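Peer 1: What follows is each chain in one-letter form.
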Amino acid sequence: MTVSVDPAAGHLEPEATATAPGAPIIQGRSLGQIAWRRLRRDKVAMAGGTFIAFLVVVSIIGPYFVQDPTVYHSSLIDPTFSRPIGPWGGISLAHPFGVEPITGRDMLARIVDGAPYSLLIGFLSTMLAVVIGVFFGIIAGYFGGWTDSVIARAMDVFLAFPLLVFAIALVGVIPNSAFGMSGNQLRVALLVFVIGFFAWPYMGRIIRGQVLSLREREFVDAARSIGARGPYILFRELLPNLVGPILVYATLLIPTNILFEAALDYLGVGLIPPTPSWGQMLSSAVSNGFYYIDPMFMIIPGLAIFITVMAFNLFGDGLRDAFDPRTR
Amino acid sequence: MITFIIRRLITAVFLLLVVSVITFAIFFLIPRLAGQNANELAAQYVGRNPTPAAIQQMVERLGLDQPLPVQYWHFLKGLVAGENYSAGPSVTYCPPPCFGYSFRSQLAVWPQMVSALPVTVSLALGAAILWLLGGVSIGVLSALRRGSIFDRFSMGVALAGVSLPIFFTGLISLELFSYKWPLFPNVQYVNIAVNPLLWARNLVLPWVTLAFLYAALYARLTRAGMLETMNEDYIRTARAKGLRERSVVVKHGLRAALTPILTIFGMDLGLLLGGAILTESTFSLPGLGQFTVLAIQNQDFPEIMGVVMLAAFFIVIANMLVDILYAAIDPRVRIS
Numbered sequence: 001m002t003v004s005v006d007p008a009a010g011h012l013e014p015e016a017t018a019t020a021p022g023a024p025i026i027q028g029r030s031l032g033q034i035a036w037r038r039l040r041r042d043k044v045a046m047a048g049g050t051f052i053a054f055l056v057v058v059s060i061i062g063p064y065f066v067q068d069p070t071v072y073h074s075s076l077i078d079p080t081f082s083r084p085i086g087p088w089g090g091i092s093l094a095h096p097f098g099v100e101p102i103t104g105r106d107m108l109a110r111i112v113d114g115a116p117y118s119l120l121i122g123f124l125s126t127m128l129a130v131v132i133g134v135f136f137g138i139i140a141g142y143f144g145g146w147t148d149s150v151i152a153r154a155m156d157v158f159l160a161f162p163l164l165v166f167a168i169a170l171v172g173v174i175p176n177s178a179f180g181m182s183g184n185q186l187r188v189a190l191l192v193f194v195i196g197f198f199a200w201p202y203m204g205r206i207i208r209g210q211v212l213s214l215r216e217r218e219f220v221d222a223a224r225s226i227g228a229r230g231p232y233i234l235f236r237e238l239l240p241n242l243v244g245p246i247l248v249y250a251t252l253l254i255p256t257n258i259l260f261e262a263a264l265d266y267l268g269v270g271l272i273p274p275t276p277s278w279g280q281m282l283s284s285a286v287s288n289g290f291y292y293i294d295p296m297f298m299i300i301p302g303l304a305i306f307i308t309v310m311a312f313n314l315f316g317d318g319l320r321d322a323f324d325p326r327t328r
Numbered sequence: 001m002i003t004f005i006i007r008r009l010i011t012a013v014f015l016l017l018v019v020s021v022i023t024f025a026i027f028f029l030i031p032r033l034a035g036q037n038a039n040e041l042a043a044q045y046v047g048r049n050p051t052p053a054a055i056q057q058m059v060e061r062l063g064l065d066q067p068l069p070v071q072y073w074h075f076l077k078g079l080v081a082g083e084n085y086s087a088g089p090s091v092t093y094c095p096p097p098c099f100g101y102s103f104r105s106q107l108a109v110w111p112q113m114v115s116a117l118p119v120t121v122s123l124a125l126g127a128a129i130l131w132l133l134g135g136v137s138i139g140v141l142s143a144l145r146r147g148s149i150f151d152r153f154s155m156g157v158a159l160a161g162v163s164l165p166i167f168f169t170g171l172i173s174l175e176l177f178s179y180k181w182p183l184f185p186n187v188q189y190v191n192i193a194v195n196p197l198l199w200a201r202n203l204v205l206p207w208v209t210l211a212f213l214y215a216a217l218y219a220r221l222t223r224a225g226m227l228e229t230m231n232e233d234y235i236r237t238a239r240a241k242g243l244r245e246r247s248v249v250v251k252h253g254l255r256a257a258l259t260p261i262l263t264i265f266g267m268d269l270g271l272l273l274g275g276a277i278l279t280e281s282t283f284s285l286p287g288l289g290q291f292t293v294l295a296i297q298n299q300d301f302p303e304i305m306g307v308v309m310l311a312a313f314f315i316v317i318a319n320m321l322v323d324i325l326y327a328a329i330d331p332r333v334r335i336s
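Same order as they appear, the protein sequences are chains H and U.
If you read the first sequence in the working numbering, its first letter stands for residue 1, the second for the next number, and so on.
If you read the second sequence in the working numbering, its first letter stands for residue 1, the second for the next number, and so on.
Keep in mind that the hints are not guaranteed to be accurate.
Unchecked claim - To give an idea of the interface, some chain U residues facing chain H are shown, with a C-beta separation under 10 Å as derived from the structure: (1) I26; (2) V162; (3) F167; (4) F168; (5) M267; (6) S281; (7) A295; (8) M305; (9) A312; (10) N319.
Rather than coming from a laboratory, the hints here were simulated on the basis of the structure.
The model shown is predicted, which means the values in this text are computed figures rather than measured ones.
Positions of the beta carbon are idealized from the N, C-alpha and C atoms, including for glycine.
When you get a sec, could you build the whole thing from the sequences and use the hints?
Peer 2: Structure follows, in structure tokens:
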């Protein structure tokens, strides 16, 4: 989906206010302000945004409020079938999301403790992808010629890769302690690196396309005519005009990356247990074969992933429509 | 056209070489950077609890004590020309493409992958037909009735579809249609040559699950593409010259909107042929995807490497075919 955010509007900075006496004062608005106004009217997008804010708060302070996710509650487990006692996976006041089969660990605590990892890896990997993608996208689009060919080809190569297989292989070959890190610290760094490193071409392509049209504009000529050099034009003239698309596609990249991380967890190459992660909770529902005896054990982490990803998608879609209403 | 195909073939070979360099880097360079020495690295290709002699032999065979370019040459030569394996006194020739021997099963990697392939192909092709038909038609209808209840509803479902992890939808469909209401009980892969009906019945759930995700994606893409195309001047022209709405939409609108979707379709199909990892592991289908997961759980490096190369091969080939198809449809592509 290539959406062109009209960059012309972006450079019209605060417009000159009408100075004629008696005339109503017309307040100039930047593209950002216009987009923000549109976004605020979009209830669905705002709902998504609110949920994201809620999720961020939960991941920061939530772990201090829930029970210890590692404590076993064997008294809540049916000894014959190893499933939680009571309907809906043992949901009760003490355990609002029920308990895990076999161990009886509190599900709410595990979900809340898993949230920061999911968000952190989603955010950081997106940031990495944005930084690499924007850097190469701007350079390819602005300089053109063989620089462009090399970078565009490299992006094609990256996009032609079996991402998941490569990511799994890469996480698989790295020993448990390396690069001065070990355990989950290493895993988080590795996941961020792998996901971000394979996602940058998406960003790169979009930015390159934008720059291809931006570089022909008058303000770039103007900057060049007063003697501005490459780096100045790239990062002082072009970059500010790219904030819109960067913001939009970064927001839409986060949910993709969260899903990717959940998939790696599900396949057992993500975070190392007992650190809870949503994908790994789903995979234990499968490997124990508990998903048909105690469906809640799989539904709750699945819904957690789904609602989080959906919130980001709704917000991102709203953001895109706010910057470019034509696609609505 | 022939020069175009030749050029595209050369690019494909070049891409495969790049893929082999990166695969090599992942398996031989990165572990070095992470601080493993030649012996530790070789130990992973020998099996559990290897003897020092076996490790030494593997170091020599992989050329791990030699400089990196030489190691890469060894790696590439094995792929293209095959290799002789000395297992004790006897020497076995491993014909190309030689990905070595799995130490888990003591079998050559390549034949194992070949035997897993039909499962993956069955899964991918069936799902591809479903999602292409479903996704594109929903997208077109949504774009034509923009803002209608149908549009809103289907786009809502599509957004949910792209937000759902495939292993979650897979589990839900198993839970509902295999256990609660056993429409498709006992889902397991049956060879199409043995029993085509059972083959199809047992693949319905995986097909629908996989197709749901992609149909959602394609519906969104088609809708966006159609909205853009239907605003073009030539659509107005087509209407103005009195064409029936049907042929305006299908021949002028859809045809233009479909080309970018074809590109993505080629990539997606290529990607899936390399192993629908999540779907296969959720439904326990013994295809390439499950082969990959097992290889990783067992840390079976020759197998992992083989799968990575094969998956990349499929994507490169699929991309090439799409490009050639494109050039056949749209002659402008050949020039650039």
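Peer 1: Each of the hints needs a verdict: does it hold here or not?
Peer 2: Each hint tested on the structure:
1. The interface hint given for U/I26 holds, since its Cβ lies 5 Å from the closest Cβ of chain H, which is under the 10 Å cut-off.
2. Nearest Cβ of chain H to the Cβ of U/V162: about 7 Å, under the 10 Å cut. The hint holds.
3. A cut of 10 Å between beta carbons decides the hint on U/F167: the least distance to chain H is about 5 Å, and the hint holds.
4. Satisfaction of the interface hint for U/F168 is found here, the shortest Cβ-Cβ separation to chain H being roughly 4 Å, below the 10 Å cut-off.
5. With 10 Å as the threshold, the beta carbon of U/M267 comes within range of chain H, its nearest partner Cβ sitting at about 7 Å, so the hint holds.
6. Using the Cβ-Cβ criterion of 10 Å, the hint placing U/S281 at the interface with chain H is satisfied: the shortest such distance is roughly 7 Å.
7. Checking U/A295 against chain H: minimum C-beta separation of about 9 Å stays under 10 Å; hint holds.
8. Because the beta carbon of U/M305 sits about 8 Å from the nearest beta carbon in chain H, less than 10 Å, this interface hint is met.
9. With a least beta-carbon distance of about 6 Å to chain H, the hint placing U/A312 at the interface is held under the 10 Å criterion.
10. Proximity of U/N319 to chain H holds as hinted, the smallest CB-CB distance being about 6 Å (cut-off 10 Å).
Comparing the model with each earlier hint shows no violations; every hint is respected.
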